[in-house]
Amino acid sequence: MVTPIKKSEEAVTIRYKLEAYYSFSAGIAYTKFLNGLKEGKIIGRKCYRCGRVYVPPRMYCDDCFRPTDEWVEVSDEGVIETASASYISWTRDKLEEPEVIAVIRLGGREKDWIFPGLFHRICGKVDVYRLIGKKVKAVWREKREGSINDIECFKVVEG
Amino acid sequence: MMLRKVAIVGAGLTLFRRRLKETPQEMAWEAARKALDEAGLELKDIDCVITSAALDAYDGVHMRGEHIAHSGGVRKTVSRVYAGGATGGMATISAWYHVASGLCDKVLVIGEEKMSHALPHPQSVFRYIWDPITEKPLNPNLIWIFAMEMYRYMKTYNVSKEEIALVSVKNKRNALNNPYAQAAANITVDDVLNSEVLVWPVNRLDVSPVSDGAGAIVVVNGDVARQFTDTPVWIVGVGWNMDNPQWSNRELAYARYVEESAMMAYKMAKIERPDKEIDVIEPHDPFDYKELHHIEGLKIAKRGEAPKLLKEGVFDLDGDIPSSPSGGLMGCGNPIGASGLLKVISIYWQLKGIAGRMQVKKPVYTGLAQNWGDLMQMSAVVIMRR
Amino acid sequence: MRVGIIGVGWYGFTPSTPELSFREMVFEAALRAYEDAHVNPRRDVDTFVSCQEDFWEGISISGEFAPDPIGGTLRPVMTVPGDSVQAIMHAVMHIESGISKVTVVESHAKPSDIITMEKIMEFAYDPLYGRIGARNFHFLAGLDAVKFMERTKATKEDLAEVVVKNKRNGLKNPRGSYSSSLSIEEVVKQPYVVYPLTSLDISPFTDAAVVIVLANEEVARKYTDDPIWITGVGVGYDSTMELSDLGRSTYLRLAADKAFKIARLHRLENVAFFVDDTYSYKELQHLEALKVQDPVKKLREGELYADGKTPVNPLGGHLSEGRPLDASGLALLLDAVEFMRRGEFDKAVVASWRGVPSFTGGVVVLER
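Top line first, the protein sequences correspond to chains A, B and C. Per my numbering, residue 1 is the first one in the first sequence, and the count goes up by one each step. Per my numbering, residue 160 is the first one in the second sequence, and the count goes up by one each step. Per my numbering, residue 546 is the first one in the third sequence, and the count goes up by one each step.
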C-alpha cells in the first residue's frame, strides 16, 4: 500500500537542480517576426491557396500542406477574443495586482474559426468581465530588442 | 480487414494523494501488481509493456520511459506513450493496437506521475510547455490558458460560473464513493464561488489538485480473455486526434479535436447516436468546465447545452448518462500519467459491475472514457462494452 | 507481415542548422517524404507517429509541436518518445491492426540547440544513485566496452578499424558530415576520452529530421512497383543500469529474437546490416546480439566492409553521419532503404539503440 505523507521532510529526499539551457533556433519565420517586433511591426505570413494569414508567422500552411507565400504586416490593433485575470504567478505565489492576459484577434472576419492572433498582456486596471469584444492596440516599448516583450501590453481603445 | 477482438482483464490503482512517500517505480509497481492479481497473471505471462508517463520534468528524470520501465518491463518489449494529459487514454489505445496487430498477446500498461516533489511548486513545471519564443517570455501559468478557454466558453454559450460549479460539486460528491480519491468532499456551488480566485474565472475549487499516483491495466487477445475472467471488458472503439499548438489562433469555445477523436471511435464501434447508445461516460475533467466542454465535443450534448442537461440531473449517478462516476480528476486528483488510466479503469469497473459504491444505478453495457491533453490540442477516446 | 515503406525524406545531418527552427526542418523532411511517396498527407494518411522527447527539445510536452509540420493538424497524431525504432513499431502496429492504411513516422533532433548537453545526459541517470557527478557521461560506455573487450578479446585496433571503416564508407554519403579518410594508427594514437574510447570512437551529434511513410501491402503495391517491405520488427528492454548486462547487448538480442521470428529470418545470408555504432565497440557488440557469428573475426577478415559478404553500415553509420539523438533509428532505416533501392541486397537488418544510459533497442527487418 502506498504511504501518504504530509510534508516532504517525512521522507528521505535528494535535491537536484538541473541546468538545462537551450538556444532555440528561431528559424526563418520567427526570425522575421522578432525582427519585425524590433521595428514596431507585427509580421505575419499568408498562404495564397486558402488565404489564411498566420500570426505568429509560419513557413508552411498546415491546412494546405504547402509553403506559405508572402510576408504581410498586420495591424497592431485587434479585438479581444478571450481574456483572464491572474492572481497567481507561475510559481503559484499570490500577486498583489492581478495580471490581465488575453488572446487578441488581429485580423480576419469576426466569425472566422481560425484567425491571426497573439497571446499577450492587457495594460492597466481593466474590468476583465467585460473584455471580450473590446478593441485594443499594442503599446510598444521604447527600447526594443526583438522579443514578444517588445510589446509592453495591449491597451483598450475607447469607442 | 477484420479487427481482432481485444479485452481488458485486470486493472489496478494506487491511492491518489497530494504527496506519497513512494518513488515513481514503487507506485507503478503497486498498480501493476494489483492489475496482474485481478487478471490472475504473473509478470512472466506478459509480453509487451507500455509506460504511460507524462512530463519528464515531473518525475525529474530524462528518458523517463526507461526509468519506470523497470516496474514491469524487464526483458520485455517496452515503449512509452506520451500525449500530455491524454497519455493514459492514448496508452490504452496503444495497448489495443499492440494486441489487435497480432504482435503482442498480453499487454501491461503502467502509468504514474510523481508531481509532489517538484520545486518551487508542481505548477511551476508547466512553465516549459509553451512555445519558447512567442509565449514563454510572457511567463504564463498553466491555469491562464484554461481560464481563457473557460471565459470564452461561458461568453459564447451564455453559461454562468454557478452552472459550471455544479460539475465540481457533482464530481467531488461522487468521489466520496471512491476509496482512491484525494479530493472527495461534500461542497456546494457557493463553496466553489467563494474559494480563492486563482486566475479569473477559475477559482481554487474549479481545478483538480496536484497529485501523486499510479494506475495499470492488463489488455489481452480476445481469444484468450475468458481464461482470465468471466466478464472481460471489450475495447470496441478507439479514436484520437490532435490539433496544432496555435491555441491563440482559433475559437476555443468548442473543441473540434474532441469531436474528430470521438467520430473515429464511434465509427469503429458502430455508434450513430452517442447520446442514446452510450450508458456511462468519463470525460476528462482537469477543470470543471472541461467536463461540459468535452461532453459537447463528444456530441453527447449539443454545443452549449451540456450545462442545461447537467442541471436537469442527466449526468448524475442516477441520471440517464452518468458522467465521472469515479469522481473524475476533480474528485480524485490529477497525476497526469495515471489520470487518463483512472478514466478508463472507472468505465471498466462500471461495465464489470465491480465499482462498489461508485456503481451507477442503471444497467450499463457501453461506456466511454475520454482524455484531453497538450495545449488544448489532443483528445483520445476509448469505448468499451460488456 | 509485409508493411511497405513507400516514401522517405530527410533534412539536415549537419553539425548545426541555425537557419531553420525544428518545425521548419521537419516540414522540409516531410515534404520530401511525401513527394517520394506521392502522397497528400491531408487526404491519404490515416495516422501519424512522432518521436521526440522533452529534454532533447527543451519544451515540456514537446509532442505539442508534432502535428502541423507533417500535415497532421486535426488528424490522429501521437507521440512515442524513445528510440525512433519504437515509433516504427507503433506505426507497424497501426497498420497491422487495421486502424490505418497509411501511417507516417517522424523524428527529429537539434542537439546544436542544447547548450548544457552533459547536464541533460546526467539527468537521464537515476536520480537517487545514478548521478554520481561523473565528469563524463560516456563513462557507462567505457565500462561496457572494457567488459566486452575482455570477453571477446577485441582489441583497441579492432575498435579503430570500425571507426576507419565507417568514416570512409560515409565519404560518398551526402549525410556523412563527419566522414574522413583515416588509418587505424591515427585513431589508436588519439588520447582517451573515457578508457578505452578516444574521441574518434564516439560518434558526434548531428541535427536532422527524418520522415518515413508506411503503407499496408495493398496500398503499397498501388503506390510503387518496388517497395521495400518491413517483414519484422521488435523492441527490447533490459533493466535498470545496475541490473542490466554490461558487456553484451541483451536488449538487442531480445529485440532481434522478436523481429527475426516475425520475419522468419533464420539464416543471415545476403543480409546488409545497419547497426547502431554510437561507440565503435557497440557495432561489434550489437552484431553479436543480432546472432552474427564472431563479428570481431569477420571484421578482421574484411567481411564487414561495404564490398564484403556481410556489409555493416556501408553508408557510414553514426560515426560518419553523426547521431541525431532519438532520430538515430530512422537515420539507420533511411540508410538501409537507400542502400536496398540500389538493388544489390534484398535483405537488411536495422538495429538501433537509445544511447547511454539506456538499455533499450529495436530491430527492423527489411526485404525487397
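There could be a bad hint or two in this list.
Simulated restraints on C-beta separations [what the hints assert, rightly or not]:
hint, chain 1, residue 1, chain 2, residue 2, range
1, C, S744, A, E73, 42 to 50 Å
2, B, G261, A, S147, 46 to 54 Å
3, C, K806, B, E431, 36 to 44 Å
4, B, E431, C, G643, 53 to 61 Å
The hints are simulated quantities; they were obtained by calculation from the structure and are not laboratory data. We treat Cβ as the ideally placed atom computed from N, Cα and C, and that holds for glycine.
Between E431(B) and G643(C), does the C-beta distance stay in 53 to 61 Å?
-> violated, 21 Å
Hint check for E431(B) and K806(C) - Cβ pair distance inside 36 to 44 Å = Cβ of K806(C) to Cβ of E431(B): about 41 Å, so the range 36 to 44 Å holds.
How does the Cβ-Cβ distance of S744(C) and E73(A) compare with 42 to 50 Å: does it lie in that range?
-> Holds - the Cβ-Cβ distance for S744(C) and E73(A), about 49 Å, lies within 42 to 50 Å.
Outcome of range test on Cβ distance (G261(B), S147(A); 46 to 54 Å) | Cβ of G261(B) to Cβ of S147(A): about 52 Å, so the range 46 to 54 Å holds.
The structure shown violates just one earlier hint, number 4.
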